[in-house]
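Sequence order for the protein chains is D and Z.
Numbering-wise, UniProt numbering puts 90 at position 90 of the first sequence, and it's gapless, one number per residue.
Numbering-wise, UniProt numbering puts 129 at position 129 of the second sequence, and it's gapless, one number per residue.
FYI, nobody ran anything at the bench for these hints, they're computed from the structure.
DSSO-like mimics (lysine-lysine), calculated; alpha carbons at most 27 Å apart, straight line: (1) Lys188(Z) to Lys189(D); (2) Lys146(Z) to Lys82(D); (3) Lys82(D) to Lys17(Z); (4) Lys16(Z) to Lys82(D); (5) Lys188(Z) to Lys103(D); (6) Lys188(Z) to Lys131(D); (7) Lys146(D) to Lys146(Z); (8) Lys82(Z) to Lys17(D); (9) Lys189(Z) to Lys189(D); (10) Lys82(Z) to Lys16(D).
Examples of chain Z residues lying across from chain D (beta carbon under 7 Å, computed): (11) Asp126; (12) Trp127; (13) Tyr128; (14) Gly129; (15) Ser154; (16) Arg157; (17) His187; (18) Asn222; (19) Phe223; (20) Gly225; (21) Leu229; (22) Ile233; (23) Ala236; (24) Val237; (25) Arg244.
Quick caveat: nothing in here was measured; it's all calculated off a predicted structure.
Positions of the beta carbon are idealized from the N, C-alpha and C atoms, including for glycine.
2 protein chains.
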Amino acid sequence: MISRNLAKYIKSLQIKKYRKETQSFFVEGAKNVIELINSEYEITHLCCTEEFLEQHKTEIKLQQINHFIAKEKDLVQIGTFKNNNAALAVAKITETPIKLDKKQLYLALDDVRDPGNMGTIIRIADWYGIKNIIASQTCADLYNPKVLNASMGSFIRVNVEYANLSEKLQGLDMPIYGALLEGANIHKKTLEPRGVILMGNESNGISQENLALVNSPITIPNFGGAESLNVAIATAVICDNFRRY
Amino acid sequence: MISRNLAKYIKSLQIKKYRKETQSFFVEGAKNVIELINSEYEITHLCCTEEFLEQHKTEIKLQQINHFIAKEKDLVQIGTFKNNNAALAVAKITETPIKLDKKQLYLALDDVRDPGNMGTIIRIADWYGIKNIIASQTCADLYNPKVLNASMGSFIRVNVEYANLSEKLQGLDMPIYGALLEGANIHKKTLEPRGVILMGNESNGISQENLALVNSPITIPNFGGAESLNVAIATAVICDNFRRY
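With the rest of the complex left out, here is chain D (with noise of 0.2 Å):
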């Protein structure tokens, strides 16, 4: 059984301010639960049907997760879905600074703030096998359960650091490509998988702030009539360059 003080709890996850404040988050599913389950996150709380409770009771009484069994009604009263006959569960934020090697690739994120495109360029990272994400502070907060939900569970492969990209990035020897709509095309260029690929605003592209920080411009051929491709649509396409290699 849930509590009115645990649904509201988890009810007021949804804003930032209070996972700030808690330093929690939930998600919801069963894909993205299990995989919650299975990863180094911290549950702290599980709501779960009697159904995902048996098929998963292995893992939840080894693990000696903390768990409530709920209703559908009650998981989609307490969380964002409209459907949910499996779980939700609330862990604690992790956050672990990236340490920048010469030898991987990146990607750094300025101002992207649409959870959709945030959590589908997490996504699309944890294809490309890029494990590190730089974003500014003014990004989508990687805990909105719009990001992670967008992201398919990829959250909890690819690490995000929240900092500020022209303090973070400055004065390292190591190439920082810039997707701009003038820059080398990327199906001439030869691009070797190390260095930090940096993607613009949905509408502003990248700042003026942090376009001084970018030693190797590049741009992805355009064919047709299109101004522009959308970010998280760009990003898949130059990651899919960058492992070309």
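Model the placement of chain Z on the given structure of chain D, informed by the hints.
For chain Z alone, coordinates are given in the frame of chain D:
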């Protein structure tokens, strides 16, 4: 001034049934409306602010467009945008059947239901110079306002034909590439930009029936932990690989 009847008519066009009956649709916002004015679409009604009319009066008068002055709040009330300080235009639906040509590259969509994905794929096709899309009858409707908005004006340059895919694509003497989880690695395969790229449904991929059409299965290589990519993301990456040829 927009009469109550006109307002009611425009609002009804948010529903597919009424778009079919009247063979009409609307677009919103300065960018989309300007692109529509400069296209071959026949505009039946233009609702716009005094400022918009003033800025574009040459085109509007030259083309003798039937126009109605509206306030920002009227445009918001009849449309789907939260803000619209420019214009909304109603135009006649056009449908041009696609004549498949062996030398061209096409996209075929099997049951792409999400309007955001549908619109984004149209924008991607436009970027990569793919002028024709064959969509199964169950795909999101091109003239759904969410599809049009996600296409960012690209619907004007890309022709979409709704058809039974197996009837349209069967027995063709051209490659039909299907995006599958187990196909040829697109980084290794030579992809000539000719033929049809078939993309499947968001959850279920290509249907059994249409799988039979595929004579060249292809796959985006996976370098990390994500199980899949969103269909619009996968479409962009595949198109990009075809355009490297």
